[in-house]
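Chains as they are written, first to last, in our numbering: chain D, 1 to 70; chain B, 1 to 269.
Since the hints were made in silico from the structure, they are not lab data. Heads up, a few of these hints could be off.
[To be verified] Simulated coverage check for chain B against chain D, where a stretch passes if three residues somewhere in it have a Cβ under 8 Å from a Cβ of chain D:
(1) 58 to 64
(2) 207 to 220
[Said to hold, decoys possible] With the Cβ distance kept under 7 Å, some of the chain D side facing chain B (calculated, not the full set):
(3) Met1
(4) Ile3
(5) Pro4
(6) Ile23
(7) Leu38
(8) Ile39
(9) Asn40
(10) Lys45
(11) Ala47
(12) Leu49
All C-beta atoms in this analysis are idealised placements derived from N, C-alpha and C, irrespective of residue type, glycine included.
Residue-level listing of the chains:
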Amino acid sequence: MQIPLSFWDISLWLAVTAITLLITAELISPYYGQTNLLINKKKLKNAALTTGILFLITVAIRIYGIITAP
Amino acid sequence: MPKPTEDNIAPKTPKQKLRITELTAYALLLLGASALITSIIYTSSILAFIGLGLTFWGVLLLYITPTRYVKLDLLNAIAPSTLANIEKMLTNSKLNEKGIYLPPKYLRDFESSLVFIPSKNNKTLPRPEEIDEEKIYSKNPEGMFLTPPGLALSKLFEKELGTSFTKTDLNYIRNNLPKLLIEDMEIAENVEVEIKDNLITVEIANHIFSEICQETRKLQKTHETIGCTLSSAIACALAKATGKPITIQKEEKSQDGKTTKIQYRILED
Chain D
1 MQIPLSFWDI SLWLAVTAIT LLITAELISP YYGQTNLLIN KKKLKNAALT TGILFLITVA
61 IRIYGIITAP
Chain B
1 MPKPTEDNIA PKTPKQKLRI TELTAYALLL LGASALITSI IYTSSILAFI GLGLTFWGVL
61 LLYITPTRYV KLDLLNAIAP STLANIEKML TNSKLNEKGI YLPPKYLRDF ESSLVFIPSK
121 NNKTLPRPEE IDEEKIYSKN PEGMFLTPPG LALSKLFEKE LGTSFTKTDL NYIRNNLPKL
181 LIEDMEIAEN VEVEIKDNLI TVEIANHIFS EICQETRKLQ KTHETIGCTL SSAIACALAK
241 ATGKPITIQK EEKSQDGKTT KIQYRILED
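The task is simple: from the sequences and hints, build the whole structure.
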């Protein structure tokens, strides 16, 4: 039994999530009038940036793999 | 049993709203974890993606929801009484001149702020050695020392910016104040800072202190002398950043009531 996701699957998932979160964090307005779901915008931005950085790390690993491959 | 109507359905309290969000987050986490476990058992990558997504959004929902927040009405209910006390003191002391926000070099505690209200319009400031944060009245020149109503707010600005205004200058305020009030603290919808010689004009659109400032306008002396909480906080910041005494020259609301225009004057000491 093992997780049926490869490293590249996770990288792709991170990329999609990072884009979604970054766009949301940039477009979200404190004046949108919807108060049923309270969002701390700063924390959302932090989460978006973290996901983006994680994706970039996977890209760096990929590049390193290509460069060092015999 | 009476049918619920719009009138008899109690609106959800902030606490209930947070509880619902929390429950949703835990439900997402549970579903996500189950999907992940199932994906491992059946070796299904689609289920694994679904599980990963649900778990992530569950955790994210828990992380991005604020733990506590207060309604604006509560804030509006607290501030006016403090300002009413200042109004009483000003009326009893018969002080009519504009308050002068003192720069740090006049104070013992550089991180603090003090507003000096002179009894005569001669703009003479007391000497630094004569200023005591604990004192209320000054004899030479005659006047009164008050803790600005916006002092705590200006300290919150510093905390948010991660620096003290004493280490900054006017350019820093011009470049960072709009971002601080709009994006970081979500106090206003739009902020514009204009500097012309000794005059600094700050235009703030749709800010959350509009009701408090409206209340301050009713307290004529407080409004004329030291301004409302927001204008006072900016005055504290300006006094620290410029290192010079500051007065609130004018504070007016636009005709549509959405924009507040505050004019500050930098005094020569």
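Quick rundown of the hints versus the structure:
1. 58 to 64: holds (count 3)
2. 207 to 220: Not satisfied, violated; 0 residues make the cut.
3. Met1: Holds. Min distance 5 Å.
4. Ile3: 6 Å, holds
5. Pro4: Result: holds, 5 Å to nearest chain B Cβ.
6. Ile23: 15 Å, violated
7. Leu38: Holds, because the Cβ-Cβ distance from Leu38/D to chain B comes to roughly 6 Å (cut-off 7 Å).
8. Ile39: It holds, given that the least Cβ distance between Ile39/D and chain B is near 5 Å, below 7 Å.
9. Asn40: 5 Å, holds
10. Lys45: 9 Å, violated
11. Ala47: 6 Å, holds
12. Leu49: Given a least distance of 13 Å, the restraint on Leu49/D is violated.
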